[in-house]
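Undergrad: Chain order of the listed sequences is A and B. The opening position of the first sequence corresponds to residue 29 in the numbering used here, with each subsequent residue numbered one higher. The opening position of the second sequence corresponds to residue 24 in the numbering used here, with each subsequent residue numbered one higher.
There are no misleading hints in this set.
Sample of chain A residues at the chain B side, in silico, Cβ under 10 Å:
| no. | residue |
| --- | --- |
| 1 | V132 |
| 2 | A136 |
| 3 | L137 |
| 4 | E139 |
| 5 | T140 |
| 6 | A166 |
| 7 | Y167 |
| 8 | M168 |
| 9 | I173 |
| 10 | S174 |
| 11 | V176 |
| 12 | L177 |
| 13 | V186 |
| 14 | L188 |
| 15 | K190 |
The set of hints was computed from the structure by calculation and includes no laboratory data. Every residue, glycine too, gets a C-beta built ideally from N, C-alpha and C.
Here's the letter readout for the chains.
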Amino acid sequence: MITQYLFYFLTFTAIFCALLVVFSKNPIYSALYLIVTFFATAGHYFLLNAQFLGAVHVIVYAGAIMVLFIYVIMMLNLNKEVEPHKSNIIKIAATVCGGILGLVLIAALRETELGEITEYSNNGIGLIEKLGNVLFGAYMVPFEISTVLFLSAMVGAVFLSKKNIH
Amino acid sequence: MILNDFFIFMKQELMLLFIIFLLLLIKVGKDRSNESLLYLINLLLLINVIAGFILPGEGSLFSDMFRTNPLIALEKNMLNIGTLIISMQSYSWLKSHKHLLEFYILMISTLLGMFYMISSGNLLMFYLGLELSSIPLAALVNFDLEKKASSEAAMKFILSSAFSSGLLLFGVSLIYGTTGSLAYAEITSHLSTDPLQIFAFVLFLAGFAFKISAVPFHFWTADVYEGAPVAITSYLSVISKGAVLFVFVSVLYTVFKPLADVWYGMLFVLSISTIIIGNLFAIRQDNFKRFLAFSSIAQVGFILVGISGSSSMGTAAVIYFVLIYIFSNLGAFGVVSIVSSLTGKERISDYKSFYKTNPFLSWILTIALFSLAGVPPAAGFFGKFFLLIAGAEKGNYLLISIAALNMIVSFYYYLRIVKSVFMEPNESPIESLTIPLISKVALYICLLGIVILGLWSVVYDYIFTLSPIF
Chain A
29 MITQYLFYFL TFTAIFCALL VVFSKNPIYS ALYLIVTFFA TAGHYFLLNA QFLGAVHVIV
89 YAGAIMVLFI YVIMMLNLNK EVEPHKSNII KIAATVCGGI LGLVLIAALR ETELGEITEY
149 SNNGIGLIEK LGNVLFGAYM VPFEISTVLF LSAMVGAVFL SKKNIH
Chain B
24 MILNDFFIFM KQELMLLFII FLLLLIKVGK DRSNESLLYL INLLLLINVI AGFILPGEGS
84 LFSDMFRTNP LIALEKNMLN IGTLIISMQS YSWLKSHKHL LEFYILMIST LLGMFYMISS
144 GNLLMFYLGL ELSSIPLAAL VNFDLEKKAS SEAAMKFILS SAFSSGLLLF GVSLIYGTTG
204 SLAYAEITSH LSTDPLQIFA FVLFLAGFAF KISAVPFHFW TADVYEGAPV AITSYLSVIS
264 KGAVLFVFVS VLYTVFKPLA DVWYGMLFVL SISTIIIGNL FAIRQDNFKR FLAFSSIAQV
324 GFILVGISGS SSMGTAAVIY FVLIYIFSNL GAFGVVSIVS SLTGKERISD YKSFYKTNPF
384 LSWILTIALF SLAGVPPAAG FFGKFFLLIA GAEKGNYLLI SIAALNMIVS FYYYLRIVKS
444 VFMEPNESPI ESLTIPLISK VALYICLLGI VILGLWSVVY DYIFTLSPIF
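Chain A extracted, bound-state conformation:
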């Protein structure tokens, strides 16, 4: 019972703060609400018994990536109202398109018979040991290939940052 209440609380917090991220005028407030959203999402992971994923989510997203965000906001001084305003026609068109997409999604969800949910057993599925076994077992190739992705991203980043030195 308590998990159900927790679930609704976390979901409400996540969605509410996500909306605030979009609607806040001040980018710093947006970033702060984003942190709350990340924490709420991490709470969902804990509820699903994925402790490791939850912890990593907090460390990486709420920690490292948020610090980067806030640095960028400070460096670029985005506090000023410099954002170019879009014309009304584009705004209306975007709203209509988004609304139609949402409508289709809801209609599709209503029409679909979701299969029975497999009973979820608590066998420590989110622990590091299990995760490691899967990473180096079934998902070994993607895991290894992602190293090449990181390597090339690093090469690209270093190359781009050396841009102004001739």
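Position chain B against the provided structure of chain A, taking the given hints into account.
TA: Here is chain B on its own, set in the frame of chain A:
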């Protein structure tokens, strides 16, 4: 034996990995002259092409995360050849570039990503391959360090590719949610025409359409192609598009086979709008790279016509066309690349009376454009012909007639360039250029490809025998 299989099945990927790490080590070591490095790298790429043809195995590894068969090996070989040609053509541009090794490290990483994408039997692996083939490309688009347009193009490219990946991932997550698996074989057995699954498929298709720049997902194409260095523009329009098309064909025919009726309608709309809009915008362009961008959009429209006829004929026609497209588009891009790196001129109006000063380049350009337009002796005609036949199998003659009519429109703008190259007077034509030998060889390869593929039916027959029958 497992280890033996590993080396045989994955040999093309292992070759590329080896080259990447070799280049990294060279970068760390003492400075060498660009020219000797370029010869070394082109030699490595040549060895890579040749090694790709040896022993095409058939099987799967790591619980279907990676699979291969002679058809997949052939697709990879085609991409290898294209990369080698691009590398040879951009010799004069790279010779004076400070970051030569980074260029190749990034380019070969994207090629590796495409290989894994083509070989994957699992949506996770496919997505990883797709990202590996598009994130380093953003850095490559920014390779003209002094030009602001290049940075702008890179920004547009990374934003639009991130957006399309987002759409695709949303589709993948819905597919995972409704079928309970990411493996291709499992997904097919759980797919039905459920509304939510169709919605997921639409998102998935949108992600793909972004990557192959089908209308209405084409807006990034022209700007990125114009801003990027010519070598990267040709890489984007030929290699990266070709790889996504290969995956698109095999995924539509196998994984999404239960939804065949659904995607036929979508492909119908996509292909007609792609051909028409690509053609109409190509007529108005004066920048050569922008022109080739819209022409490549129109070509993708024809490929979609071929895909819409679901059969082994469709697979064979698409692969055959991509092979021809590699040679003809690289022929045209090769000339643009050489002219742009030696003179900096990229406008079509600069090419007036190009024939008087550079007859060799003019002939290559003309034959490549003939092939792109589909004038009979050149291979492009047969490519488009097979695509239309494959599309006609469903009996939808409206689609075929619109495509055929648009081929006539495309004659106009391709031949307009040929006319200005040969006939229009110009007071200050492009001076006579000395082409580096290695680029000349690359242009001859393109020329041979265009002529041989059109006249020698063995190639098409070979592709057809490899294409699976569904």
